[in-house]
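Just so you know, the sequences run in chain order H and F. Each residue of the first sequence is one higher than the one before, starting from 1 at the first, in this note's numbering. Each residue of the second sequence is one higher than the one before, starting from 788 at the first, in this note's numbering.
Be careful, since some hints might not be right.
[Claimed, not checked] If we take Cβ atoms under 7 Å as the criterion, some of the chain F residues that face chain H in the derived model are: (1) M788; (2) K789; (3) F972; (4) L974; (5) K975; (6) V976; (7) L1033; (8) D1036; (9) A1039; (10) A1043.
[Unchecked claim] Heads up, simulated DSS-like pairs for lysine-lysine below, C-alpha to C-alpha not over 27 Å straight-line: (11) H:K303 <-> H:K395; (12) H:K59 <-> H:K266; (13) H:K100 <-> H:K266; (14) H:K59 <-> F:K789; (15) H:K178 <-> H:K303; (16) H:K66 <-> F:K789; (17) H:K268 <-> F:K789; (18) F:K789 <-> H:K266.
Source of the hints: derived by calculation from the structure; they are not laboratory data. Just so you know, even glycine gets a beta-carbon here, dropped at the ideal spot from N, CA and C.
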Amino acid sequence: MSETNGKRAGVGSSVLRLEDDRYLRGRGRFIADIRLPAMLDVAFVRSPLAHARVRGIGKPQGFEDKVFVMTDLDGVQGIRADSGLPGFRSSVQPILASDKVRHVGEPLAACVAESRAEAEDIADMVSLDLEELPAVVEMTRARDPGAPLVHENWSENVFLETAVDTDFEKSVKDAAVKVKRTFRTARQSMAPMEGRGVVAYWDNQAQQIVVYTSTQMPHIVRNGLAGCLGLDQGIVRVVAPDVGGGFGYKGILLGEEVCLAYLAMKLKRPVRWIEDRREHLTGNANCREHHYEITGYAAADGKLLAIDCDAIVDSGAYSAYPFSACLEAAQVASILPGPYQFPGYRCRTWSVATNKPAILPFRGVARTGVCFALEVLLDSIARELNLPPEEVRRKNLVRPEQMPFVNITKKIFDSGDYVECLDRAVTALDLPAIRARQAAGEADGRRIGVGLAIFCEQGAHGTSVYSGWGIPMVPGFEQATARLTPDGGLELRVGVQSHGQSLETTLAQVANEVLGIAPQRVKLVHGDTALTPYSTGTWGSRCAVMAGGAVAAACDVLAGRIRKIAGHLLQADPESVVLADGMARAAGSEIALKDIGAAWYLRPQDLPADVDPAGLEATQGYKTQRDTGTFSYACHAAVVAVDTETGAIEILDYKIVEDGGVLINPMVVDGQVYGGAAQGIGTALYEEMRYDETGQPLAATFADYHLPGACEMPVMTVDHMQFPSPISRFGQKGIGEGGAIGPPAAIANAVNDALAPLGVEVDALPMTPFRVLAQLARGLNKSEQAA
Amino acid sequence: MKPVRFDYAAAPDAATACSLLTQSVAAKPIAGGQSLGPMLNLRLVRPDALVDISRASDLRGVRDEGNAIVYGAAVTHAEIEDGAVPDATPGWLASVARRIAYRAVRNRGTIGGSLAHADPAADWVNVLTALDASVVLTRSLGTRTVALAEFFTGPFATVLAHDEIVTGVRVPKRGAAARWGYWKFCLKVGDFAKASAAVLIDPERGETRILLGAIEKPPILLSDASAILAGRMPLAAVVTDVAPHLSYDSHALHVAALRRAIALATASGEVAA
Chain H
1 MSETNGKRAG
11 VGSSVLRLED
21 DRYLRGRGRF
31 IADIRLPAML
41 DVAFVRSPLA
51 HARVRGIGKP
61 QGFEDKVFVM
71 TDLDGVQGIR
81 ADSGLPGFRS
91 SVQPILASDK
101 VRHVGEPLAA
111 CVAESRAEAE
121 DIADMVSLDL
131 EELPAVVEMT
141 RARDPGAPLV
151 HENWSENVFL
161 ETAVDTDFEK
171 SVKDAAVKVK
181 RTFRTARQSM
191 APMEGRGVVA
201 YWDNQAQQIV
211 VYTSTQMPHI
221 VRNGLAGCLG
231 LDQGIVRVVA
241 PDVGGGFGYK
251 GILLGEEVCL
261 AYLAMKLKRP
271 VRWIEDRREH
281 LTGNANCREH
291 HYEITGYAAA
301 DGKLLAIDCD
311 AIVDSGAYSA
321 YPFSACLEAA
331 QVASILPGPY
341 QFPGYRCRTW
351 SVATNKPAIL
361 PFRGVARTGV
371 CFALEVLLDS
381 IARELNLPPE
391 EVRRKNLVRP
401 EQMPFVNITK
411 KIFDSGDYVE
421 CLDRAVTALD
431 LPAIRARQAA
441 GEADGRRIGV
451 GLAIFCEQGA
461 HGTSVYSGWG
471 IPMVPGFEQA
481 TARLTPDGGL
491 ELRVGVQSHG
501 QSLETTLAQV
511 ANEVLGIAPQ
521 RVKLVHGDTA
531 LTPYSTGTWG
541 SRCAVMAGGA
551 VAAACDVLAG
561 RIRKIAGHLL
571 QADPESVVLA
581 DGMARAAGSE
591 IALKDIGAAW
601 YLRPQDLPAD
611 VDPAGLEATQ
621 GYKTQRDTGT
631 FSYACHAAVV
641 AVDTETGAIE
651 ILDYKIVEDG
661 GVLINPMVVD
671 GQVYGGAAQG
681 IGTALYEEMR
691 YDETGQPLAA
701 TFADYHLPGA
711 CEMPVMTVDH
721 MQFPSPISRF
731 GQKGIGEGGA
741 IGPPAAIANA
751 VNDALAPLGV
761 EVDALPMTPF
771 RVLAQLARGL
781 NKSEQAA
Chain F
788 MKPVRFDYAA
798 APDAATACSL
808 LTQSVAAKPI
818 AGGQSLGPML
828 NLRLVRPDAL
838 VDISRASDLR
848 GVRDEGNAIV
858 YGAAVTHAEI
868 EDGAVPDATP
878 GWLASVARRI
888 AYRAVRNRGT
898 IGGSLAHADP
908 AADWVNVLTA
918 LDASVVLTRS
928 LGTRTVALAE
938 FFTGPFATVL
948 AHDEIVTGVR
958 VPKRGAAARW
968 GYWKFCLKVG
978 DFAKASAAVL
988 IDPERGETRI
998 LLGAIEKPPI
1008 LLSDASAILA
1018 GRMPLAAVVT
1028 DVAPHLSYDS
1038 HALHVAALRR
1048 AIALATASGE
1058 VAA
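Starting from the given sequences, assemble the full structure and let the hints guide the process.
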């Protein structure tokens, strides 16, 4: 507990973001802001076809030394990300394709020139001799007998198939209702404001290849880079500058990173590649595409008896490093039961290979799709049983007195009150008023509806969870270094990377909580493999818990050493020394931390004889008490109006009640929740990369790939419940992804509620006017046939 | 993506612009660049020279002809939105301008550029056709005036010759008795319309015009406007008749656009199906 200028700045305070000054003034240093002397620009020649044999790549005459194909990259290996799960089929993603291309946008050649425009001029002149092959585009047809094979040495287009069955048959015997639905979610292109980008150069002094890259995980990129390049890790340095959003899009080793690093070493000149939106949209639409056939079995009172699900994930052509092609589907099977308890569960998943970009985990990972499938199904069950949807949920949610609760897939929910979360959301909406309005009808003829979605979100899960998947990256102890500077400031070094999470602020608040140093005097060093402890990076809602825990642990050690020196200088018992406001206080007297720093660094003659020789710098590792993860949870509640003439959906009201445990900075959490919900609304209503039957992506700019903008955002409110996690340092829970999980389910349920009198349900995302109109037409046909 | 190499010249006036355009068949005029800019970057167009007409002094002005106002082609959407230029209508142009794309686009995008680009979904293409506007076209050889109904020859195609530019847009004035309805359907704010319709009822001039727009080709002025307004023709059949190529959902959206534009113009809020 500490005060800064009379205001609390530690855990729980809405401290203004330290990074905002440079961000809001447009003075950050992002990848494209880095200019190095004699730097060359790279443009890639990318495949115009989804599936083709490469018969030849012709370098333009006079530019042979400006164009690089795979055979020019001596000794460079492709990217491999195998899972250890039994039956996983292995693939290698070439750095530059040389025998086959497996999706539109796959790189075939790299062209270098003094400017990007000139590099594109050269790329224009490269000739491609491609023999087009039939493409695998539709995930539900990928396993058809006789389907073309994405990887010819495989027997079918499946990376991995999984099956779980817990007491399914015996649980369904007494079901009063069986409700079956088919759902699908669209392929999306994650869209951080800043795209990907790489600047690489050979540092002759350090004898290192230095790779600046817009990444969420510099250490993991270094692992992968060193492996593909066949280099000692010691000669590879990876640096993430300011990163303008990630969401999972930058949680990957890029072929472009490998290629640029090689070119920088080969050409002995700095090289850079800045992804443009066309490359981004056409070559990297890489997330969210799921298909569910799901059946719920329930008793007449709404009690769930069992869930049965066949899920397909369109994993694209390759297995992305480090998360692999099967993380998404493996997650589907393990998290589908959501926050509910029921006795029977059966789930089969297929991670199918198609001629599309490799799937990546996007904020919320599989949860957004899973929550959509399960929560929309629950509303269908409620309608079938003629029960209010909130009542069906109340019947099945894990109850607070059961915490910690081990669910049917062995997930350990750490704490919380899911029922209260639901109830608060229902109260916030004023459900009776909406039902009355619904009964009265709208003056403009639109139909209104209410939808709920409740889910829990595992964050900061560690070794025991990831080791089971056998992917190239398993998080262990998270480390941080804390160093008191001679003037009483603090340097923190962490291996996670802030790409919008406000870590420069929140980790400073954690240090403040332990050491009493003002956040403004805490300098966070992150994103550089040369300067920070190893970390798997920023993903999986893990930073507040893991990096926060590690910073606290390192500061604890430092605090002990500071107290010892302070006790000596104050002639007091070190145990009695209190650290606050940049001071060490004991026995009615105090000494500034700058004087403690000065004692160690500048006047060691003042130190006690038995001072700890490790000094005022400490590195500590941290794990949660149990590494199965914190479980934040939330209820999203939406009111929509559906225009049945145009299919347009307007969100009239949107309430979020969530539990992130103890919030380190509530204002930052609000931002995370709002931002995530905006992306969830994109998934629900707007974002979709469509492909034609040959695998051509049908959007190349944001004019055709629709992201929600400020005008599409409803006014949202967030209500925080704060049940501390019993397993984390301060009781904090990972909350970074939750906002993006709930909206599709809540909005779909609201739309279905609005359309229920017409006997119409939506079952696919995004719920564009076109889809809504098609469903309405189908409903009309049904009722005509019935009549 | 970056554009191909091209030369650039800013024309001080229309005559200079036309003369520069005659120097190369691959030269193109550019005004606000809000459509041409992305097309250049995507290399969908590869000019060898751009002639910038956005600052041509004689394209920036407005002339009142008594019964019409002629807008210089380089007048921006924002200037119309803000009332920086007079509105030939009782505020309709400003209200249309306010909903074109986003303010950043409106700051640069021009009325003449939008017409010359001839995107079937663009607001001015449809609204100004419905208002019976015409364009003044200029080349070194001379000037001609073409009604917008004759100007568009296809999606993104017009009667403009290569070395000819739109210099002015002549919009007939509409008085207080005139009624107007314009309704467009966009997937999000700022999106190009997926369907649009406009209705003009001008008793002073004895004109009734109903236009169906955003139909993947130039807009269509419906015959039988009076019969439609009187509710004597089912709108679904009207749309099918003039735009049989539309898909099921696009047809539904155009019917909705028509119904709502009529409702706005008649202020009845109710229209017979």
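Are there hints from earlier that the structure breaks, and if so, what are their numbers? 7
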